[in-house]
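Let chain A serve as the given structure and place chain B on it in line with the hints.
These are the residues of each chain, in order.
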Amino acid sequence: MKSVKELLAANGSHENWVPLLEVAVREVFELMLNCQLTASTGAEETSRDVTAMVGLAGQLCGVLSVSCNSRAAALMTSKMLGVPSDKAAPEVEDALGEICNMAAGNFKNKIAGLGDGCMLSPPTVITGSNYDLHSLADSPGLQVRMLFEGMPVEVTLQIHS
Amino acid sequence: MNSIRALIVDDSSVMRKIVERSLRQAGIDLSEVFQAGNGAEALVVLQTNVVDLILCDINMPVMDGLEFVKQLSGVPNAKGVPVVMITTEGSEAHVVQAISCGARGYIRKPFTAEQVKEHVVPVLEGKS
Chain A
126 MKSVKELLAA NGSHENWVPL LEVAVREVFE LMLNCQLTAS TGAEETSRDV TAMVGLAGQL
186 CGVLSVSCNS RAAALMTSKM LGVPSDKAAP EVEDALGEIC NMAAGNFKNK IAGLGDGCML
246 SPPTVITGSN YDLHSLADSP GLQVRMLFEG MPVEVTLQIH S
Chain B
-4 MNSIRALIVD DSSVMRKIVE RSLRQAGIDL SEVFQAGNGA EALVVLQTNV VDLILCDINM
56 PVMDGLEFVK QLSGVPNAKG VPVVMITTEG SEAHVVQAIS CGARGYIRKP FTAEQVKEHV
116 VPVLEGKS
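Heads up: the sequence lines are chains A and B, in that order. Using my numbering, you'd call the opening residue of the first sequence number 126 and step up by one each time. Using my numbering, you'd call the opening residue of the second sequence number -4 and step up by one each time.
Derived from the structure by calculation, the hints contain no laboratory data. Quick reminder that beta carbons are idealized off the backbone N, C-alpha and C, glycines included. Heads up, some of the hints might be wrong.
[Unchecked claim] Just a few of them, taken from the derived set where beta-carbon distance is under 10 angstroms, the chain A residues facing chain B:
no. : residue
1   : Val153
2   : Leu156
3   : Glu169
4   : Leu206
5   : Gly207
6   : Asp211
7   : Asp219
8   : Asn226
9   : Ala229
10  : Met244
11  : Met276
So that you can see chain B by itself, here it is in the shape it has in the complex:
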C-alpha cells in the first residue's frame, strides 16, 4: 500500500493523536496528517488540501460528523475519498445512519490498532 494523506476529525486533540498513532501502528504509511476539531474546520482543510482517507468522530460541536459527511459531496477535493467514522455512538441506528450519509466504515470507541487496521485497510484497498 502506498503512503497516504489522512484527515482526522475529532473535537478531542487526545483522540486525534490516538487515531494517528493507531493508523501508524496498523502499518499504514502516512505521508501527511491533517487535523480538524469539527466538521466545519474539516471542510476548510479540504478546500486547500487533498487527502486519501478521512477518519471522523460523530458527536462534535459546530458541525457533527454526519452533517460533515453529507456536505462532502459538494467538495471537489473529497470526491471518492473514503470516510470511516470513529465514535462512541456505536448503536445499530448510528451505523446505518453513518453509512447512509456516505461513510464507508465504522469503528467503535474504545478500539485497538488492530481494529483500526481491520476497518481501514479494506476501505483503502477499495474492498469495502
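Chain A on its own, in the form it takes in the complex:
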C-alpha cells in the first residue's frame, strides 16, 4: 500500500489511482450485491438517469460520483435488499447513495494515510438526465466504466487538490 503523499507526488494527474478506484468499486458490488462487474467495451449506450455523489474533504478534496440508468439502479437496489426490482423502487436513491458512499470509503481506505485525513460527506443523489455537472476541480477526473448486468456504470473521481 502506498501513502497518499507518494501517490500524490508520483503523478500529478492521479492516473495511478484508477486501478485502486476500480478495485474499490468492484469490492462494493461483490460484497454488498453479490455480483461481479465486467469490463466495458465502450460501445454501450451512455444514458444516465441516476447519479449519486459523495464529497471528500481533507488531505484529498473532491467528489466521487456513480452514474447509471434507472433500470440498473433498480436492479442494484433489488440485489442489495434481496427483493424483486418492482419492490425496490422506493429505496433506489438510498441504495445508490450507499453504494457511492461505500465506494468512496473503500477507495480512501486503500491509500495509506488517507483514511484518517479525509472525511466523506453524506451522499447526494440526482435523478433525471437533463443536467450537466460542472466540477470546480483543478485536475482531470478519473473515470472507471464497467458493466453491471450488461448495463454501464460510470464512477468518476473529480479531484480538487
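Just chain B, lined up with the frame of chain A:
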C-alpha cells in the same frame, strides 16, 4: 446461542435492512429488531426497550455514532449491552476512537454476512 433483541442504528434504511439480513444470514436468531436513523432516535428507543446488541453507523445526522456510544453509559437499559460499529470510516484512528468510546467491535463497509458473524458472535458470547 439464545435469540436476541437487536437495535440497528443507521441513517440509511437500505443499510439497516442489509445489516438485519446479514445478522440472520450469520445464523444469529433475532427475536426482535429495533431501528433508528441516528443516535438521538436510538436513545429514545432505549428509553422503553431492552436490547442485547447494538449495531451502529458512525456518520449520521443529528447525533453521530461516537456521541451515541458515549451517551449510552447514562442509559439504564443499555448497561452492559455490546455495541458494534458498522461504517465506511475504516481508518485506524476511527477504530481506536470507537473502541475508546465504548464500542466492542468494528465492521467496515462493504461487508459480508460472514464478516458480521466473525465480529458479532464473539461479542455476544462475551469473548470480545
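Results of checking the hints against the structure:
1. Val153: OK, holds: Val153 (chain A) within 10 angstroms of chain B, min 5 angstroms.
2. Leu156: holds (4 angstroms)
3. Glu169: violated (25 angstroms)
4. Leu206: holds (6 angstroms)
5. Gly207: holds (6 angstroms)
6. Asp211: Cβ of Asp211 (chain A) sits 16 angstroms from chain B, so the hint is violated.
7. Asp219: holds (5 angstroms)
8. Asn226: holds (6 angstroms)
9. Ala229: holds (7 angstroms)
10. Met244: holds (8 angstroms)
11. Met276: Not OK, violated: Met276 (chain A) not within 10 angstroms of chain B, min 20 angstroms.
Taken one by one, the earlier hints fail for this structure at numbers 3, 6, 11, listed in ascending order.
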